[in-house]
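If you want the building blocks of each chain, they are given just below.
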Amino acid sequence: SQQGEEDPQALSIQEGENATMNCSYKTSINNLQWYRQNSGRGLVHLILIRSNEREKHSGRLRVTLDTSKKSSSLLITASRAADTASYFCATDPYNTNAGKSTFGDGTTLTVKP
Amino acid sequence: GAGVSQSPSNKVTEKGKDVELRCDPISGHTALYWYRQSLGQGLEFLIYFQGNSAPDKSGLPSDRFSAERTGGSVSTLTIQRTQQEDSAVYLCASSLSQGLNTEAFFGQGTRLTVV
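Going line by line, the protein sequences match chains B and L.
Counting along the first sequence from 1, when you hit position 13 you're at 13 in this note's numbering, and nothing is skipped either side.
Counting along the second sequence from 1, when you hit position 11 you're at 1011 in this note's numbering, and nothing is skipped either side.
Derived from the structure by calculation, the hints contain no laboratory data.
Glycine included, C-beta positions come from ideal geometry on N, C-alpha and C.
Some hints here could point you the wrong way.
[Unchecked claim] Quick list of the computed label-pair ranges, beta carbon to beta carbon:
id: 1; chain 1: L; residue 1: Ser1009; chain 2: B; residue 2: Asn18; range: 31 to 39 Å
id: 2; chain 1: L; residue 1: Ser1053; chain 2: B; residue 2: Lys112; range: 45 to 53 Å
id: 3; chain 1: B; residue 1: Lys56; chain 2: L; residue 2: Thr1013; range: 39 to 47 Å
id: 4; chain 1: L; residue 1: Gly1003; chain 2: B; residue 2: Thr64; range: 39 to 47 Å
id: 5; chain 1: B; residue 1: Lys69; chain 2: L; residue 2: Lys1017; range: 31 to 39 Å
id: 6; chain 1: B; residue 1: Leu75; chain 2: L; residue 2: Gly1040; range: 42 to 50 Å
id: 7; chain 1: B; residue 1: Gln9; chain 2: L; residue 2: Ser1005; range: 26 to 34 Å
id: 8; chain 1: L; residue 1: Glu1020; chain 2: B; residue 2: Thr77; range: 22 to 30 Å
id: 9; chain 1: L; residue 1: Arg1081; chain 2: B; residue 2: Asp66; range: 41 to 49 Å
id: 10; chain 1: L; residue 1: Arg1081; chain 2: B; residue 2: Ala78; range: 46 to 54 Å
id: 11; chain 1: B; residue 1: Asp66; chain 2: L; residue 2: Lys1057; range: 32 to 40 Å
id: 12; chain 1: L; residue 1: Glu1020; chain 2: B; residue 2: Lys56; range: 38 to 46 Å
id: 13; chain 1: L; residue 1: Ser1005; chain 2: B; residue 2: Thr64; range: 32 to 40 Å
Could you build all of it, start to finish, from the sequences and the hints given here?
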């Protein structure tokens, strides 16, 4: 199964509300990244959090990382209709030279105007 | 170019035909990745290049899939004797160094449909 698994699979909220998505992974990691994908095409990098960091902010985004629980969360505050997209977490496994990252199946977020 | 460019953006091919997908990474990016995404699914790692060499080909689904990179720049992913299960969006990404310790930039993908 996937290294990263997002939860929930789908989330529908009203504009202005906060959206929280979670990601769990199985093996130790160097870092974890969150991406957004619109319309099933290219991914846009949102934020990277390293294994020695616990929280990171970028604008309306807040990412937390709990390495003891092997989980991360992405919080989008004051959501907008334009935030409607699929959100993926990607993990870069620890001590690998492969350079590959493992993506979960994503959370589909719908923000209703 | 300013971003990762993939061509074609859409490709419809008949079962059994060969297809070639192209990726132009961001200039100066040494690492290049190919992923495949089936409808409603996450990204499936296929192969990664560091320069012109591919240290990890473990994600290639079968020997019908191959990839090369020349001059440390453009990469092509070739699928021989295409099958309907090959239908997916093929995404390419590049980054300044290996791994995703630095940000990976994705292209818009090639949507492959095998009929």
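Here is how each hint holds up against the structure:
| no. | hint | in the structure |
| --- | --- | --- |
| 1 | L/Ser1009 x B/Asn18: 31 to 39 Å | 35 Å, holds |
| 2 | L/Ser1053 x B/Lys112: 45 to 53 Å | 48 Å, holds |
| 3 | B/Lys56 x L/Thr1013: 39 to 47 Å | 43 Å, holds |
| 4 | L/Gly1003 x B/Thr64: 39 to 47 Å | 30 Å, violated |
| 5 | B/Lys69 x L/Lys1017: 31 to 39 Å | 48 Å, violated |
| 6 | B/Leu75 x L/Gly1040: 42 to 50 Å | 24 Å, violated |
| 7 | B/Gln9 x L/Ser1005: 26 to 34 Å | 31 Å, holds |
| 8 | L/Glu1020 x B/Thr77: 22 to 30 Å | 44 Å, violated |
| 9 | L/Arg1081 x B/Asp66: 41 to 49 Å | 46 Å, holds |
| 10 | L/Arg1081 x B/Ala78: 46 to 54 Å | 51 Å, holds |
| 11 | B/Asp66 x L/Lys1057: 32 to 40 Å | 33 Å, holds |
| 12 | L/Glu1020 x B/Lys56: 38 to 46 Å | 40 Å, holds |
| 13 | L/Ser1005 x B/Thr64: 32 to 40 Å | 35 Å, holds |
Of the hints listed earlier, those the structure fails to meet are numbers 4, 5, 6 and 8, in rising order.
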